[in-house]
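So the protein lines, in turn, are chains A and B. With the first letter of the first sequence counted as 1, position 39 gets the number 39 in full-length UniProt numbering; the numbers rise by one all the way through. With the first letter of the second sequence counted as 1, position 409 gets the number 409 in full-length UniProt numbering; the numbers rise by one all the way through.
One or more of the hints may lead you astray.
Note that the list lumps identical chains together, so a pair holds whenever it fits in one copy or between two copies.
[To be verified] No more than 25 angstroms apart at the CA atoms, straight line, and that leaves these computed lysine-lysine pairs for DSS-like:
hint : residue 1 : residue 2
1    : LYS493    : LYS476
2    : LYS476    : LYS458
3    : LYS524    : LYS18
4    : LYS18     : LYS531
5    : LYS13     : LYS553
6    : LYS93     : LYS38
7    : LYS415    : LYS43
8    : LYS493    : LYS504
No wet-lab data here; the hints were simulated from the structure. These numbers were taken from a predicted model, which means no experiment stands behind them.
Residues per chain are reported as follows:
Protein chains: 2
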Amino acid sequence: MDFKKMLFDDGVKPYLLKAHYGIEKESQRVDLSGNLAKTDHPKSIVMADDHPYIQRDFSETQMELVTPVAETLRELFNYLAAIHDVAYRSMDKNEMLWPLSMPPQLPEKEQEIVIAKLKNAQNVQYRQSLANSYGRRKQMICGIHFNFEFGPELIHALFNLQSEIKDYRQFKNEVYLKVTRNYLHHRWFITYLFGASPSSEENFFEEESLNKAVRSIRCSKYGYVNPDDVQVSYSSLEDYIASLSSMVQKGILSEEKEFYSPVRLRSGCHDSSDLEANGILYIELRNIDLNPFETYGIGYEQAEFLHLFLIYLLWKDEGENCDEWVNTGDFYNNLVALEHPLEPTQFETEARNIIDEMEQLAEIMDLPTSNTLFIHLREMLNDPSKTLAGRLYKESEKSSQREVATSIATENYQKAWEQPYQLSGFTDMELSTQILMFDAIQQGIRLEILDRQDQFLKLQLNDHIEYVKNGNMTSKDSYVSTLIMENKTVTKKILQQHGFRVPKGEEFQTIEHALRSYDLFSAKSFVVKPKTTNYGLGISIFKEGANLEDYQKAITLAFNEDSSILIEEFIKGTEYRFFVLNDRVYAVLLRIPANVEGDGKQTIEELVIQKNRDPLRGRNHRTPLESMQLGELENLMLKGQSYHKDSIPAKGEIVYLRENSNISTGGDSIDVTDQIPDDYKKIAVDAVSALGVKICGIDLIIENTEVPAANQNAYGIIEANFNPSMYMHIYPYKGESRRLTMHVLHYLFPEVQNQESIN
Amino acid sequence: MDFKKMLFDDGVKPYLLKAHYGIEKESQRVDLSGNLAKTDHPKSIVMADDHPYIQRDFSETQMELVTPVAETLRELFNYLAAIHDVAYRSMDKNEMLWPLSMPPQLPEKEQEIVIAKLKNAQNVQYRQSLANSYGRRKQMICGIHFNFEFGPELIHALFNLQSEIKDYRQFKNEVYLKVTRNYLHHRWFITYLFGASPSSEENFFEEESLNKAVRSIRCSKYGYVNPDDVQVSYSSLEDYIASLSSMVQKGILSEEKEFYSPVRLRSGCHDSSDLEANGILYIELRNIDLNPFETYGIGYEQAEFLHLFLIYLLWKDEGENCDEWVNTGDFYNNLVALEHPLEPTQFETEARNIIDEMEQLAEIMDLPTSNTLFIHLREMLNDPSKTLAGRLYKESEKSSQREVATSIATENYQKAWEQPYQLSGFTDMELSTQILMFDAIQQGIRLEILDRQDQFLKLQLNDHIEYVKNGNMTSKDSYVSTLIMENKTVTKKILQQHGFRVPKGEEFQTIEHALRSYDLFSAKSFVVKPKTTNYGLGISIFKEGANLEDYQKAITLAFNEDSSILIEEFIKGTEYRFFVLNDRVYAVLLRIPANVEGDGKQTIEELVIQKNRDPLRGRNHRTPLESMQLGELENLMLKGQSYHKDSIPAKGEIVYLRENSNISTGGDSIDVTDQIPDDYKKIAVDAVSALGVKICGIDLIIENTEVPAANQNAYGIIEANFNPSMYMHIYPYKGESRRLTMHVLHYLFPEVQNQESIN
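Kindly generate the complete structure, drawing on both the sequences and the hints.
Here it is as structure tokens:
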């Protein structure tokens with residue numbers, strides 16, 4: 001099979017970089033001083049042995065973060081970042097993740113290493129048998145597993161270029177087997193570049209068996225390897241399966257999954273019979289140490305290198321004797337793994353040759369790679385202190401590896417908690433959607449982004465699929481009920497027919513008709529507004545009636561914005577937003593205009609700057625609250641109160657900067673859920689139910705919440721919103737946080753809660 | 001109570017014309033020659049004794065059309081027109097409605113007049129007893145009942161101006177009682193103006209008891225009146241109820257509803273105990289003859305007059321002795337009813353006085369009335385041949401009353417059938433909504449228009465309410481499923497994940513990314529389009545691949561329309577629209593471009609004119625098909641075929657005027673529901689189900705319908721529409737009509753069908 005020629009074919013070119021990726025990353029939980037955590041796996045993460053994102057590996061402290069399959073590296077790292085955020089913020093606030101492959105200091109007594117408390121008894125038993133065979137200490141090593149599948153289009157294109165193998169599946173197996181054998185042969189190069197376990201912490205080795213620094217304990221014979229008598233052939237898939245199953249039959253391995261090859265052939269299932277039937281779907285690279293210098297244990301450029309390296313290995317000729325080729329690789333790798341981290345490798349020439357060939361290949365194939373990739377590779381080759389092991393070793397010389405690791409972990413921990421309302425990797429999406437995605441990951445609900453710009457998610461738990469847009473547009477609401485809410489006249493009519501108080505008023509299509517109704521409104525408090533309002537444009541409020549001239553002006557203004565206008569009674573009181581979900585009020589919010597509270601010392605401007613320092617405040621809806629401004633409108637408002645920005649308000653005095661209470665203009669959000677009497681909550685629930693809606697933000701004007709809702713004119717319903725903001729309830733300026741996204745998830749997937757309550 | 005003063009108060013003025021109206025109108029069904037129909041009530045109208053719009057009165061042939069309560073006269077007449085359309089088009093095509101109050105020629109034998117075949121035995125028994133008491137012939141008289149309620153705001157405003165009566169309900173009763181007494185006293189004026197039953201047809205009188213023409217047989221003592229010993233007092237509500245119940249107790253009346261007063265006091269229920277408890281809600285004027293010169297039996301100006309007359313009667317002083325005042329009215333009315341239609345009335349002076357006073361009142365109160373109202377009233381007073389009875393009598397002199405009535409009926413009949421896809425009164429609404437409203441009226445589903453411009457309906461059957469927008473946006477579809485359909489990328493992803501064939505392709509947000517993917521598409525058939533398409537703008541199709549320059553141009557064009565574009569495989573074949581409702585295909589439509597078929601004689605222009613004569617074709621979506629044009633595009637298309645508009649195509653030759661098949665540019669719609677194989681219908685149903693949708697128009701491209709759908713690439717799914725046009729399936733150019741609106745109704749209200757099948 002002349003892959004060298006085939007890979008340069010024009011028909012193959014468009015698909016060369018198409019691939020699917022996945023990462024599994026283990027880390028030990030430690031306390032803020034870097035000691036192994038003594039706590040159980042976090043309770044806020046749904047306890048499921050098969051949690052799709054956050055699992056436990058061997059021990060209870062060994063968190064395994066699993067990305068979904070991604071179609072680009074960008075997507076892969078987005079998920080990796082997001083899952084890290086969830087892991088961090090689900091743990092005890094006194095815990096963080098150890099950034100090294102080698103575990104932190106272990107207990108003196110091996111039995112104190114706690115095996116993962118999984119539900120499934122078989123899973124626990126398997127770990128028990130590993131503990132018996134290899135010792136618990138060795139099982140505490142962590143690493144990265146990098147799952148890689150060539151794009152099916154690429155393999156199809158290659159398949160069509162040859163006639164030697166007629167069967168597509170067999171051809172695909174050959175592709176992966178060649179890459180795997182070459183990977184096993186050349187993997188010393190990975191160990192040189194990315195090996196990052198130069199020394200161990202206390203109590204890893206029972207007796208000190210390695211008394212010098214190396215490139216990678218983990219990838220060496222001291223790491224996590226099978227006994228020497230485990231020998232598996234990669235000459236063909238049949239041989240691989242046969243030799244593996246013979247190891248199990250002979251009792252040399254307890255199960256197939258105990259085979260700790262640096263590359264595992266994967267069918268998508270855990271059974272090799274499935275591998276036989278379906279062929280190799282992808283390969284799992286298991287020899288990657290945690291990269292302590294990357295927040296998520298592996299860098300983007302590193303992953304890019306791995307992809308390019310795998311293409312290179314498909315292109316590169318291999319040795320004639322398969323098994324020998326692989327065995328030589330094992331031997332070379334162990335040599336390199338045990339080299340001193342600051343010494344050049346004994347395979348420098350071969351390494352240089354690989355880099356040159358890879359670079360040529362990338363050029364000929366016209367593959368877009370990071371500008372710095374080959375520069376960095378050569379730097380690492382020329383100067384071993386630039387390799388990961390080299391860097392870690394040098395850093396550790398200044399203090400200790402433990403201190404370096406603890407300080408890195410602390411940095412990552414702080415980063416994860418800095419903006420808790422954001423989900424790393426997805427910060428361009430709407431806040432409410434980010435928070436919902438956070439919760440979905442935590443609850444073990446599979447997440448797929450169908451359209452990122454459009455905030456369109458697919459959520460899945462077992463066979464149950466739900467689609468969600470903007471965090472709260474779901475299958476639970478009917479189409480027509482959202483159309484009802486979109487149309488103010490219709491909303492009002494329906495609420496009125498159900499006996500709720502809404503502002504009385506009329507809709508007009510012409511100026512003439514509206515003028516003719518002057519007498520109906522002239523002496524009352526009323527509002528003139530376009531039927532479809534847009535940021536408050538075209539709205540006039542007359543709190544004490546209006547003369548004909550002002551009435552006419554207001555009408556003209558409103559008709560400038562829409563072909564229909566509404567003239568409505570103005571209802572006096574305070575506006576509250578009720579968030580109703582499935583016939584229950586989960587949150588009530590009061591929004592008040594942008595303001596500062598004087599301290600008798602600072603100017604208004606200083607007070608604004610101070611209040612804006614709150615990490616909840618920012619710009620452009622990237623934060624739950626917006627920064628207050630001191631622009632034209634605010635200055636006018638101050639002037640009206642005989643203030644300017646340099647005035648110093650008295651201690652305790654509230655100075656308002658705005659008339660409107662929108663969060664988007666710096667307003668404060670105050671949770672008042674527990675303060676609002678139940679009878680008003682019932683009004684909100686009943687009104688939403690009358691509209692046939694399940695998820696709704698409904699705005700009530702209440703003059704005095706101490707007056708019973710049943711009193712005449714105690715309240716008025718202003719609007720019902722089918723896409724109510726959730727984040728403002730979750731991160732209010734004052735008051736309790738209401739995790740509405742979690743309620744939405746539990747509404748969509750009640751089985752999650754049931755599952756939890758069973759535990 | 002000084003109503004004269006109170007009615008002129010400024011606080012009352014804005015509400016003077018606020019009112020609620022309703023009309024009940026009876027007519028006899030006749031065949032096209034004017035003979036009483038021998039058929040049963042139409043089967044297409046849901047058979048329910050309490051059908052809200054179309055009932056039977058005394059006899060099986062006596063159709064009673066009932067409008068819902070309307071808040072304006074315009075709305076009232078819209079409903080009246082619509083219900084007439086439904087009545088006409090539900091009847092046997094050989095039947096029409098007799099336009100006179102006096103019935104058409106009756107059978108010689110009274111027993112041949114068929115009593116309405118109602119379901120409820122009590123209803124039938126009541127009619128049987130009427131037949132016994134009054135004879136069947138008299139029960140065949142028809143008329144208009146005009147229901148009228150003063151706006152509650154008006155009565156409230158009046159109530160607040162006085163202190164004499166403390167109880168609001170009692171005050172309201174007084175208002176209606178005064179109006180009623182005055183109406184009864186002055187109703188001779190109505191009889192003069194609008195009496196319209198000058199003579200009877202054969203077999204109405206058993207023996208000829210009236211041998212001269214009069215103004216109104218119906219309103220005279222020869223009409224439908226109670227025996228003389230029925231005496232009811234209107235002095236107070238208590239007296240009214242007491243005297244009425246005494247008549248029933250004495251057996252003079254069989255039931256309260258047998259009291260045939262020209263004005264009935266109504267509580268909203270049929271029971272006078274309810275009247276006692278709730279007071280008078282509205283009054284029912286029952287002395288209005290059918291106006292043969294108006295399509296719907298009563299004219300707009302006539303109704304306007306009645307409203308004004310009722311305000312006038314509230315204003316006008318009444319006689320001191322209530323009962324005498326009413327009895328005098330009966331006496332006067334009979335005198336006027338029996339006057340010759342062409343003679344002046346003996347109450348000319350009094351009539352002139354009423355007109356003058358009404359006109360003054362309208363001026364002082366600043367009430368907007370038709371410009372012609374008072375002109376017409378004076379004309380009718382000055383010239384009796386301008387009254388309805390006068391006109392009918394004069395017309396009949398030329399031939400016979402029967403012939404005049406038959407010819408009027410024929411005209412109304414033709415009008416009702418002229419544009420069967422339209423619903424009179426609502427022709428400004430979307431066609432599909434008009435047709436759905438037609439079906440709702442026919443099925444006895446209560447209809448309320450919540451927003452006319454927005455095509456927003458409320459449908460109600462008993463306690464079951466459904467809201468519908470645009471005829472097919474309902475509670476049955478979830479919000480998120482319509483959002484899925486709105487987003488092409490998401491639709492495609494979901495369909496693909498469920499194993500359906502959709503055009504392969506990618507979405508791009510930047511020109512650079514799109515250019516980088518040139519290799520993926522360059523050699524294939526593909527389409528470049530903006531993500532959100534709008535009338536086909538920005539779409540480029542490359543059927544045989546494209547060079548880089550054209551590719552770049554197409555991308556730029558698409559990005560001009562949207563910030564995201566799609567580049568997709570182009571799927572060859574014919575596009576079919578499948579209409580799927582609740583997991584079943586109800587219609588499949590083929591749309592073909594505007595075209596004419598040659599006859600070897602006419603020019604293309606002549607053929608276009610001829611084809612455009614089809615009443616299904618028109619402009620601006622007011623008709624199911626659009627007129628073909630011969631504009632720039634069409635002429636270009638002809639030129640491409642070496643034709644011009646004066647060319648004469650050979651017999652049978654099809655000449656296309658357009659490339660696109662849109663109905664909106666004159667395309668033909670062809671129903672192919674029965675021709676499409678089931679396996680393709682299953683694809684459509686399964687795809688729609690995968691999207692979680694209940695009402696959907698899904699577009700499949702099929703190259704050859706004879707190839708099984710399971711074959712590779714047999715079909716491709718292009719789009720799923722959440723607001724699919726229904727009218728094009730209901731009125732196709734060729735092929736069977738598919739009444740989708742009825743299927744939608746039965747889907748929303750399955751109980752209608754169950755109800756029918758029980759019958």
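Evaluated hints:
1. For a Cα distance limit of 25 angstroms, the shortest separation of LYS493 from LYS476 qualifies both inside one copy, at 23 angstroms, and across copies, at 21 angstroms.
2. With identical chains, the CA atoms of LYS476 and LYS458 are at most 25 angstroms apart both within one copy (14 angstroms) and between copies (21 angstroms).
3. For the homomeric pair LYS524 and LYS18, the shortest alpha-carbon distance between copies (19 angstroms) is at most 25 angstroms, but the shortest distance inside one copy (68 angstroms) is not.
4. Proximity of LYS18 and LYS531 under a CA criterion of 25 angstroms is satisfied inter-copy only: 23 angstroms between copies versus 50 angstroms inside one chain copy.
5. For the homomeric pair LYS13 and LYS553, the shortest alpha-carbon distance between copies (23 angstroms) is at most 25 angstroms, but the shortest distance inside one copy (66 angstroms) is not.
6. With identical chains, the CA atoms of LYS93 and LYS38 are at most 25 angstroms apart within one copy only, with a shortest distance of 14 angstroms there and 87 angstroms across copies.
7. For a Cα distance limit of 25 angstroms, the shortest separation of LYS415 from LYS43 inside one copy, 22 angstroms, qualifies, whereas the shortest one across copies, 74 angstroms, does not.
8. Taking the shortest alpha-carbon separations for LYS493 and LYS504, only the intra-copy value of 10 angstroms comes in at or below 25 angstroms, while the best inter-copy value is 46 angstroms.
Of the numbered hints listed earlier, not one is contradicted by the structure.
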